[in-house]
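Here's the letter readout for the chains.
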Amino acid sequence: MSIEKPEELVRYREPEELLGFAKDYPAEVELKGRITESLIREISKVKKEPEWMTRLRLKSLELFYKLPMPNWLQGIEMLDLDTMAHYVKPDIELSSSWDDIPKEVREYYEKIGIPELEAKVLHGLSAQYESETIYHKMKKSLEDKGVIMIPMEEAVQKYPDIVKRYFLRIFPPSDHKFAALHGALWSGGVFVYVPKGVRVEAPIEAFFLIGRAFESQFEHTLLIADENSYIYFIEGCTAPMYKGFSFHDGMVELYAHRGAHIRFTTFQNWSKHVINFNNKRAIAEENARVDWVEGSIGSMLTYVYPSTVLRGKGSSSRSVVFTLAKGPYLKDSGSKMFHVAPNTKSRIVNKSISVDGGINVYRGVIRIPYGARNAVSNVECESLILDDKSYAYTYPHNQIEEPTASVSHEATTMRLTEDQIFYLLSRGLDEDDAKNLLIMGFLDELFIEVPFEVAHVLKKVLEIEFEKLGGVG
Amino acid sequence: MLEVKDLHVTVEEKEILKGVNLKVEPGKLVVVMGPNAGGKSTLAYAIMGREGYEVTKGDILFNGESILELGPDERSRLGIFLSVQEPPPLPGVKGSLLVPAVIKKRRGIPMDDKFADIKILREVRPKLELVGLDSSYMGREVNVGFSGGEKKRFELFQALAYDPKIVILDEPDSGLDVDGVKMVARVIDDMRKNGKGVLLITHNPRLLHFITPDEVNVLIDGKIVMTGGLEVAEFVETHGYDKVVTR
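Protein chains in written order, with our numbering: chain W, 1 to 473; chain S, 1001 to 1247.
In isolation and in its complexed conformation, chain S is listed as follows:
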């Protein structure tokens, strides 16, 4: 379980998060919505431990233990996965190189075990189909020349392939058409059913037409100003974020 307690985060000497509390339990879908620049991505990066995102107060706990002292790779190997909003291109690094390398690392298989690659690639192939990609994507350089939608699908594929316990998805549906959005909803629902905790970060509540969250939070100006069920998302959709603030 992931728990964020009274989290204050400063980026470039500016306080972005001003006391955020949040819990993501296994098998639950927790949504954080909010306007742009409200601190949503900062929350994701702070949980992952990105350099430059300084926690000045509060704590982040994974299964009851603080992870603040851990680097992003250690947090990842504990079981936290972050799909970033704009995944960077990795020139020359094909999926067939990246995915086995990551999985070997996570499982403690030596990097130079090339036979493991073949097994791993066979094992993850069905997950590629789940996100609507064919196996040719493994032969492409990761995020190089990918459309927005392809990037999102490949991120979601990795979320499935690496088998984390907590999945943080930052705008997983941007750039996707309606069928794509439905696919994302289906995959999230499967993750939830498989006991994973999902933290969904989104500006746009469109995805929630296809999946019912367990909790919806509205993050504005570094604080969670509203918490509830689906009705919170519906309120935002009808009235916009301005009304949330004044309510």
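If we strip away everything but chain W, and leave its shape as in the complex, we get:
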């Protein structure tokens, strides 16, 4: 898949600059305060959900109260869930025409260039505002091939058997407290099913926006690629500025059946008013392949760990994660690969840049139990620190029991040296050019690992982020 003019994919500015301050848009339903059984039942009622889904929510709620707060999470203590709105249904009818979306809300998407991008390159788009999908459309050509792409709520009603089989089963709510919270409160997101042998070459995108402070967003993306199918899915998110902050606790579940290939790319660009927790996991069956790409640029705090369970023989997964911590913000990331079948392969490339007091933390996991014969995994983790007030920490965790497994791990932390800067200055580049060149050099390998248009977007984003780096270093 290639996009002729990748620049059309980006209209990048920092969200604070691009979207400005939040404009309040009225909610039809707003549920806030302590997360109780009656609050959960109320959400379920508003959504007219079947009983099984209500039960699933309540079971997750029980787990949420039972599970301990993950002790490795830094900064999350500032989040007081009892004061947040957990479900906000905007007063907007779901539509497949942008004309139906109220101007104030539509403008957000227009400023980011989403409708334009949709017209030019996307084969499907689902846009969520607060807790609900407000816009949804898929190209007819995909419909004709039997591809299903519908809001998650609709899938619960229309395809209960498929949803039951996968939903919260790839990523069980029992995993940790925030997965359980997500299970209890999930709302919005998209369901995609790609039939056997069908290839969705042009990307499908889901875009999420949180319009105001003290609100939580729990969208759920479930993507099932049947045997030998292919799908390229892009996920994006952003937010305007507000007084206070909001909370995002989304979940992505991917299932790649035998021989299928899923390419899942995220551009995270929340404003600095969002605490961003992600739950991302894929299962790959025999000879299937899952490629994660995560470009994590914005937010106040981000926790993101794309994970793949390599369940089938010969399955493979690659996770390329780039995190930028610019300013007094935290990015806590790390890919996880669980090799539970023979001849499975995984590759992790993680690159982070810390600047202006930013902190990057990497926590990766490679697990190869007995029996995963000839499993191969290689991990490259590189951190670039641009000044003395910024930090990067690496906590890799490998559990290798299988003697025939081959695992390599490289972790390096780099700083730009005065030697390098002077060298480039002496060639005639100014300080900003010199730093940009060294940063682009640092990321060069990353650009090779990701699709062309994704590399292009990342480069553009970084050019703008680093336009004024003069005082740094």
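The hints are simulated quantities; they were obtained by calculation from the structure and are not laboratory data.
There could be a bad hint or two in this list.
Derived DMTMM-like pairs (lysine to aspartate or glutamate); straight-line CA-CA distance at most 20 Å [to be verified]:
1) W/Lys460 <-> S/Asp1117
2) W/Lys139 <-> W/Glu201
3) W/Lys45 <-> W/Asp91
4) W/Lys460 <-> S/Asp1113
5) S/Lys1114 <-> W/Asp430
6) S/Lys1094 <-> W/Asp433
7) S/Lys1094 <-> W/Asp430
8) S/Lys1094 <-> W/Glu449
9) W/Lys460 <-> S/Asp1112
10) S/Lys1114 <-> W/Glu463
11) W/Lys177 <-> W/Asp82
12) S/Lys1114 <-> W/Asp432
13) S/Lys1094 <-> W/Glu431
14) S/Lys1114 <-> W/Glu445
15) S/Lys1114 <-> W/Asp444
16) W/Lys459 <-> S/Asp1113
17) S/Lys1114 <-> W/Glu467
18) S/Lys1094 <-> W/Asp432
19) W/Lys459 <-> S/Asp1117
20) W/Lys459 <-> S/Asp1112
21) S/Lys1094 <-> W/Asp444
22) S/Lys1094 <-> W/Asp419
23) S/Lys1094 <-> W/Glu445
24) W/Lys23 <-> W/Glu104
25) S/Lys1114 <-> W/Asp433
26) W/Lys459 <-> S/Glu1141
27) W/Lys89 <-> W/Glu49
28) S/Lys1094 <-> W/Glu463
Please arrange chain S on chain W, whose structure you already have, making use of the hints.
For chain S alone, coordinates are given in the frame of chain W:
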């Protein structure tokens, strides 16, 4: 023309250069020789304006105007090129990224003009051959895993590619075999013929077996203690630096 006048330079509160006078005219090869720690590299860095090399007295003029207030990049764009003794590795930065970026900057072409890169790369290719490198070097990360000799060749290539007016070469022949040294001499001679002023800084006069300089200076303990023609280099080669001091 580059002119260094009564230059005093302090590094980390220690005076390294104690009144150096020097002129490099277009089309001339001026050599500064001297023992280690005599101030040769300090002279090069001070001319380039490196941070930490503080000029406490004297002046550096380029075409008659003081450049002391200019940063290294501005001096470079005026036309002064420095090939440092130990060029640092630039991980991930390939020659095909660095060289077009530098040339675009020097010519005022916008950095995001990617089409210019292709033209520039085609244009500089013959210069790579002049220093004995094939075009695969442009695809390598600059100075990463380069041998000493490869580093020197790539520096010399850049000196040709960026088309400066004054070229300062700090130990351009270290790490090269005799054929490499001959190549360096040939390239310097070409530069001179093309009207460039070359300031050659070296500990070892070996290179001067293959090229005749216009002027040779001996720099010891921050001062130029001897100036002349090739005979100065021959004297040093025969008697060593100790004799220069006592003479």
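We went through each hint and held it up to the structure:
1. W/Lys460 <-> S/Asp1117: Distance of about 18 Å is within 20 Å: holds.
2. W/Lys139 <-> W/Glu201: Status holds; Cα separation ~12 Å.
3. W/Lys45 <-> W/Asp91: This hinted pair holds, its Cα atoms lying about 17 Å apart.
4. W/Lys460 <-> S/Asp1113: With a Cα-Cα distance of about 13 Å, the restraint between lysine 460 of chain W and aspartate 1113 of chain S holds, given a limit of 20 Å.
5. S/Lys1114 <-> W/Asp430: Given that 20 Å is the threshold and the Cα spacing comes to 19 Å, the pair holds.
6. S/Lys1094 <-> W/Asp433: holds, 15 Å
7. S/Lys1094 <-> W/Asp430: Given pair lysine 1094 of chain S, aspartate 430 of chain W holds - Cα atoms ~18 Å apart, limit 20 Å.
8. S/Lys1094 <-> W/Glu449: Within the cut-off at roughly 17 Å; holds.
9. W/Lys460 <-> S/Asp1112: holds, 10 Å
10. S/Lys1114 <-> W/Glu463: holds, 14 Å
11. W/Lys177 <-> W/Asp82: holds, 15 Å
12. S/Lys1114 <-> W/Asp432: holds, 18 Å
13. S/Lys1094 <-> W/Glu431: OK: lysine 1094 of chain S and glutamate 431 of chain W at ~18 Å, within 20 Å.
14. S/Lys1114 <-> W/Glu445: holds, 19 Å
15. S/Lys1114 <-> W/Asp444: holds, 16 Å
16. W/Lys459 <-> S/Asp1113: With Cα atoms ~14 Å apart, lysine 459 of chain W and aspartate 1113 of chain S stay inside 20 Å; holds.
17. S/Lys1114 <-> W/Glu467: Distance of about 18 Å is within 20 Å: holds.
18. S/Lys1094 <-> W/Asp432: holds, 18 Å
19. W/Lys459 <-> S/Asp1117: holds, 17 Å
20. W/Lys459 <-> S/Asp1112: Holds. Lysine 459 of chain W to aspartate 1112 of chain S sits at ~11 Å (cutoff 20 Å).
21. S/Lys1094 <-> W/Asp444: Answer holds: lysine 1094 of chain S to aspartate 444 of chain W is near 9 Å, not above 20 Å.
22. S/Lys1094 <-> W/Asp419: OK: lysine 1094 of chain S and aspartate 419 of chain W at ~17 Å, within 20 Å.
23. S/Lys1094 <-> W/Glu445: holds, 11 Å
24. W/Lys23 <-> W/Glu104: Roughly 7 Å between the alpha carbons, so the hint for lysine 23 of chain W and glutamate 104 of chain W holds.
25. S/Lys1114 <-> W/Asp433: holds, 15 Å
26. W/Lys459 <-> S/Glu1141: holds, 19 Å
27. W/Lys89 <-> W/Glu49: holds, 15 Å
28. S/Lys1094 <-> W/Glu463: Since the Cα atoms of lysine 1094 of chain S and glutamate 463 of chain W sit roughly 18 Å apart, the hinted pair holds (cutoff 20 Å).
Checked against the numbered hints listed earlier, the structure breaks none of them; every hint is satisfied.
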